[in-house]
Every structure is written in C-alpha cells, then in structure tokens.
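Undergrad: Line by line, the protein sequences are chains A and B. For the first sequence, counting from 1, position 167 maps to 167 in this note's numbering; every step adds exactly one. Going from the second sequence to this note's numbering is simple: count from 1 and add 1000.
The reader is advised that the hints may include incorrect statements.
As the list claims (entries may be wrong) - 27 Å max Cα-Cα, derived DSS-like pairs, lysine-lysine:
(1) B/Lys1029 x A/Lys118
(2) A/Lys69 x B/Lys1184
(3) B/Lys1183 x A/Lys198
(4) A/Lys198 x B/Lys1184
(5) A/Lys28 x A/Lys53
(6) A/Lys118 x B/Lys1184
(7) B/Lys1183 x A/Lys184
(8) B/Lys1183 x A/Lys118
(9) B/Lys1028 x A/Lys198
(10) A/Lys118 x B/Lys1118
(11) A/Lys28 x B/Lys1118
(12) A/Lys53 x B/Lys1198
(13) A/Lys28 x B/Lys1028
(14) B/Lys1028 x A/Lys118
(15) A/Lys29 x B/Lys1028
To be verified - If you anchor each label on the Cβ, the simulated ranges turn out as follows:
(16) A/Thr186 x B/Gly1128: 19 to 29 Å
(17) A/His67 x B/Gln1124: 23 to 33 Å
(18) B/Ala1143 x A/Gln102: 37 to 47 Å
(19) B/Trp1073 x A/Asn9: 51 to 61 Å
(20) B/Ser1070 x A/Lys183: 29 to 39 Å
If you are wondering where the hints come from, they were derived from the structure by calculation, not from laboratory data. Even for Gly, the Cβ is constructed at its ideal location relative to N, Cα and C.
Number of protein chains: 2
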Amino acid sequence: MRDFVKTKNTHDAILDATDKLLARYGYKKMTIDDLAREVGIGKGTIYLYFSSKEEIALTHVDRIIEHLKSRLWEIANSRYSPSNKIYQMLTDRVMYRFDSVQHYSLSINELFAQLRPKLLERRQRYFGEEASILAGVLAEGSAAAEFADNAENYAEMLVIATNSLLPYSLSTYELGSREEIYKKVTDLADLLLTGIRKR
Amino acid sequence: MRDFVKTKNTHDAILDATDKLLARYGYKKMTIDDLAREVGIGKGTIYLYFSSKEEIALTHVDRIIEHLKSRLWEIANSRYSPSNKIYQMLTDRVMYRFDSVQHYSLSINELFAQLRPKLLERRQRYFGEEASILAGVLAEGSAAAEFADNAENYAEMLVIATNSLLPYSLSTYELGSREEIYKKVTDLADLLLTGIRKR
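Let's have the full structure, built from the sequences with the hints guiding it.
TA: And the structure:
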C-alpha cells in the first residue's frame, strides 16, 4: 500500500485508463468508478490526483500535447534543412493528434461538445507553444537565407493555417480517412513553404 | 389569413426571429413558442415551414452562408486583379461569418455543442462551394500569368488554411476581438498569395 503518496505511475495509469474508457464508453458514460476499476485502485485514490472527471479528460488532452511537443523539439533539433523541418513539424502536429484520438473517433463529438469552452481556452496555450518551436526553425531558415527575412513572424500563421485539420474541426467521416488528411496537410505545408522561401 | 400557403416572407421572418432569440436566450432555452410569439404567428404555422428547432437553427446557418456566397460571387465578378480578389474573398469568408454571429457570441458555444455533428457535415458542403468560387478566380490568375500554373488546385488549400479562423473554432474571448481576427486573416491571405503567385 502506498496510501496518500502520489506517484507518476498512478497518475499516468489513470490517464491511460481514460484513453481506453473514452474509446469504450465515451466521455459522458465513463465514471470515476469505471476508471478506478480499470486502474485497480480505489475511487478515493483517483481524487488524490484529480478533482473531477472533467479535469481528468483535460489532463489527458494535455498529455497528448506534451508528447507532441517533444516530437516537435526533436524535429527542430535534427539535422534536416529548415524547409524539411517545417514540413515535418506541420505534418506531425496534425497527424500525431489524428492518431491519438483515432480509436475513439466515434465518441469524440461528445467529448468536444462537453468540454468545448475549456478546450478552446487551452488550445490557445498549446498553439502558442507550438508556434514558438516553429519560430526557432523559421529564424534558422532566415539566417541560412533559405527563408525570407524575419520568417519567424510566420510561426503563428503556420499554426493557424493547419489548425482546421486538427480533430476538433473534423467530422466523424473525416476522422476516418487518414490518407485524405495526410494529403491535405502535406499539400498545405508545400504551399506555405513556397510562400516563406526566399525568392 | 394565408393559412397553409407558405411564403418566403414568413420563412425569412422565422429565421430573423431565430437570430434575435439566439442572442436573447441561447439555443437550448429558445422554444418554438418563443419563435412563434416573436414572429406573431401560431406555433402550428412554424411547423409548416420547419420540422424542429434543430432544423430551424441549421437553416439559419445555411442562410448566413447563402449571403456569404453572393458576396463571394460579387467579388469574383468584379474588376479587381485576381490577387486582390483572392485577398478580399479570404478576408470576407472569415469576417462575414464573424460579424453574423457577433451578437450572440456568448451563447455560441452552446449552439455549436448541441449541433456539432450535423454542423460539421454541413460545413463540408459549404467549404466545397466556397472552394469552387475561389477556383474560378485562381484559374483566371493562372491564365493572366499572375498566379502559378494550375493555381485552381489551391482552392481547397485556401479554404482549409483560413477555416480555423471561423467562429466554430474560436473561443468566446477570440470572438470578442474583431481586430485580431482581421489581422490574422489578412496576414494569412498575404502569405498564401505569396505562395500562389508566379515566380
């Protein structure tokens, strides 16, 4: 027994269970009891980590974005050319989110409907963080005369331009067609890079 | 009395009342009785035109898009340069929607949450129609050697790239800041046009 000692393992196990149960029941039907049973802990233990089901779901979304940010940093620090990095980062910010929610694409309408205002607020923070990683690579491209001068100013534009391909804006039908979304984001990345490159 | 004779006036008056009552009560609290009272007709008459409150709200959204499409056609048929037309059309598709829902920006979360799946389906049709108007101007720009060859292929990209600035994707806070949204869509239109222009 590790009563009242919070551990990262238990915290993460609750979020893993959330991911599974969102697929199995959807957000509305999923209960704290279900989560406790899935993790194999008491209901009271869950409340040591989270104050509500809503907070659990939002933290689950936060975790997806934390993983995504690690991937974006990895690309930013790789040895590819700035154009190549931007292309990969834009594709990844769309496809990583797509893949993260694919297994509960049928219940996602409900999740987004229930959490809409809080999710939209949070998205502002996520988008700002992604833009700042992109800005670093854009500045690198300007310095190398591969991109127009001050290309880092385009960071927010790149985020905005690809945002409508994120799961939040997709219908259930679109969430089923990975190839189509992939084609759209890569075509869009090409067009945006054409706009950013030095002439 | 014009019993059982449907008129465009009554149809439109019901939608005008919907617009007002969405601002006053929000979607959930608005009732068919409220709408009938606002228009000055019987509740039964409303059901001659629409089968449900949901259908009324969706038709209300459809009407906004019909107006928008007329404006886009007008720009497409004007005497501006292709670049100028695309710039105006992209700005208009964002700002016209913004202005159409501004007076009920506080209750819009609720409307979008309630109608989310049906609205997302409908959006596919709207976006396709807007893309086809843009494609005409893009083809005109290619023919005039102002845009790259086959620029009409970019029509869908332009729609996707500006979609995340539509009210559906904005938080209540963002829906309050017209200037910010305007700056974002115009900056984005500039970047996209740089990508499309012939080198």
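Undergrad: For every hint, state whether the structure bears it out.
TA: Hints and how they fare:
Using a Cα cut-off of 27 Å, the hinted pair B/Lys1029 and A/Lys118 holds, with the two alpha carbons roughly 22 Å apart. Under the criterion of a C-alpha separation no larger than 27 Å, the hint pairing A/Lys69 with B/Lys1184 is consistent with the structure, at around 24 Å. Under the criterion of a C-alpha separation no larger than 27 Å, the hint pairing B/Lys1183 with A/Lys198 is consistent with the structure, at around 23 Å. Proximity of A/Lys198 to B/Lys1184 is assessed by CA-CA distance (about 22 Å); at most 27 Å being required, the pair is judged to hold.
Straight-line distance between C-alpha atoms of A/Lys28 and A/Lys53 comes to about 10 Å, which keeps the hinted pair within the 27 Å bound. Restraint check for A/Lys118 and B/Lys1184: satisfied, since their Cα atoms lie roughly 22 Å apart, inside the 27 Å limit. A hinted pair counts as satisfied when its Cα atoms are at most 27 Å apart, and B/Lys1183 with A/Lys184 qualifies at roughly 25 Å. Restraint check for B/Lys1183 and A/Lys118: the C-alpha separation of about 25 Å stays at or below 27 Å, so the hint holds.
Between B/Lys1028 and A/Lys198 the CA atoms are separated by roughly 52 Å; this puts the pair beyond 27 Å, and the hint is violated. For the suggested pair A/Lys118 and B/Lys1118, the alpha carbons sit about 22 Å apart, so the restraint of at most 27 Å is met. At roughly 19 Å between alpha-carbon atoms, A/Lys28 and B/Lys1118 fall within 27 Å of each other, so this suggested pair holds. Proposed proximity of A/Lys53 and B/Lys1198 is contradicted: the alpha carbons are some 53 Å apart, above 27 Å.
Pair hint A/Lys28 plus B/Lys1028 holds up; C-alpha atoms about 19 Å apart against a cutoff of 27 Å. Taking the CA atoms of B/Lys1028 and A/Lys118, the gap is about 19 Å. The hint holds against a cut of 27 Å. Between the alpha carbons of A/Lys29 and B/Lys1028 the distance comes to roughly 22 Å, so the proposed pair stays at or under 27 Å and holds. In this structure, A/Thr186 and B/Gly1128 meet the distance hint of 19 to 29 Å, their C-beta atoms being roughly 20 Å apart.
Here the CB-CB span from A/His67 to B/Gln1124 is close to 30 Å, well matched to the stated 23 to 33 Å. Taking 37 to 47 Å as the suggested C-beta distance range, the pair B/Ala1143 and A/Gln102 conforms, at roughly 42 Å. Under the hint 51 to 61 Å, the C-beta atoms of B/Trp1073 and A/Asn9, about 60 Å apart, fit the expected range. A C-beta distance of roughly 31 Å is found between B/Ser1070 and A/Lys183, which places it inside the suggested range of 29 to 39 Å.
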